[in-house]
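Novice: This is what each chain is made of:
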Amino acid sequence: MDCLLGIVGKDFVLTATDTSAARSITVMKKTEDKSRNLNKHIIMLYAGEPGDTVHFAEYVQRNVRFYEIKNGIELTPEAASKFTRRELANSLRSRKPYSVNLLLAGYNVKTEVPQLYWIDYLGSSVEIPFGAHGYGAYYCLSIMDRYHHPELTLDEAKVLIKKCIDELKTRFTMNLADFKIKVSDKDGIREITV
Amino acid sequence: MSIMSYNGGALVAMVGKNCVAIASDKRLGVQLMTVSTEFPKMYQATEKSYVGFAGLATDSQTLSERLRFKINMYRLREEREIEPKTLSNMISSTLYEKRFGPYFVEPVVAGLNKKNEPFICVMDVIGCLNEADDFVVSGTSSQSLYGMCESLWEPDLEPEDLFETISQALLNSIDRDCLSGWGALVHIITPERVITRTLKGRQD
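From first to last, the protein sequence lines are chains L and S. The letter at position 142 of the first sequence is residue 142 when you use my numbering, and the numbering goes up by one with no holes. The letter at position 156 of the second sequence is residue 350 when you use my numbering, and the numbering goes up by one with no holes.
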């Protein structure tokens, strides 16, 4: 079961996803990247129905890129999240809805504020200081509740995400392999290790 | 599992002396899990009217976006702001359009008309309008809210007294409901201005 985690810090957003791609009892791949970069500063993590996830994520990625080519300006995380939410809400009452849960993490270059959006498969969207999707949420949200604060530095965030990952390794029944951890800040998106 | 109690939420609106108040809780959850504690259910429709949506969060957001469009188009065509009563009828029609595949929301409208007369109403998922001259409630703790409002409300409350009344009615109702809570947001609409206050209730 996919686990997505996101934490907003002072001037960055830290995201983590598990890298295990499994079907029933078989693990097909342990190095899966469950995210797509929508633009230089926005990363979108996805989880849900296989196939729907990548298809929808790439659809959003292409539309965001198209907007930038057409208008010559980078979409803000808020705008990208509203677009994504609307697409999911329209899909909900269609013949076959997308079943994809997302975390949209980005750095707003205009207001210099990091933002994280929780979007579920029904099309509800909310801005959060930290959040998670999947079974991992039941274990990690309380840890984030305890240790998160708005002025979190990158080092503190790394410690916090490591606490969450260790908790999953200890108490979650599935072996979630390694976690891919990325940071989005004013300089863009980069992968880090904790 | 009921669709209307999937995300949770509570809304209440009350009439006072030349003022109205509308209040909601701030929780967004997925069944038993709380996702956000900053999700008030109300949206400002015009300068002197607010709409709140209790029920499924996705439909609440979709409807608020569609309504924003309709209100703006109304303003462009009529060159004036929409009145609360007209707005409620507009929402009612919007909901009934989806009679056989409805939006899972129960809206509450609260506002002052151009003569500063108070107006509140609530609707069901298919747009049945229910106007009241005292109070209206909606959401997962609606039954508790009915009890609280019935006992606490009295006519002709001044804005500050109305604030106390609506706050106590909401806070005590959501304390008994596991799907609502995590604080509350109250808007008091008076002819001069809108007073917005955040309440800190039981954070569970």
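Honestly, the hints are just simulated from the structure, not real lab data. Virtual Cβ for every residue (Gly too), placed ideally from N, Cα, C. Fair warning: there could be bad hints in the mix.
Unchecked claim - Examples of chain S residues toward chain L, derived with CB under 8 Å:
#1 Met198
#2 Gln225
#3 Met227
#4 Ala251
#5 Thr252
#6 Thr256
#7 Ile265
What the hints assert, rightly or not - If you want the ones that stay clear, here's a sample from chain S, every Cβ over 10 Å from chain L, calculated:
#8 Ser199
#9 Glu232
#10 Asp253
#11 Cys322
#12 Ser361
#13 Lys394
Novice: Taking the hints in turn, state whether each one holds.
Specialist: Taking the hints in turn, this is what the structure says about them:
1. Met198: violated (13 Å)
2. Gln225: The hint is violated - Gln225(S) has no Cβ within 8 Å of chain L, the shortest such distance being about 11 Å.
3. Met227: holds (6 Å)
4. Ala251: At about 4 Å, which falls below the 8 Å cut-off, the nearest Cβ of chain L leaves the hint on Ala251(S) intact, so it holds.
5. Thr252: holds (4 Å)
6. Thr256: holds (5 Å)
7. Ile265: With a minimum Cβ separation of about 18 Å from chain L (threshold 8 Å), the hint on Ile265(S) is violated.
8. Ser199: holds (14 Å)
9. Glu232: violated (7 Å)
10. Asp253: Nearest chain L Cβ is 8 Å from Asp253(S), so the label is violated.
11. Cys322: holds (21 Å)
12. Ser361: holds (24 Å)
13. Lys394: Check passes; 16 Å lies beyond 10 Å.
Consistency note: the structure conflicts with the earlier hints numbered 1, 2, 7, 9 and 10.
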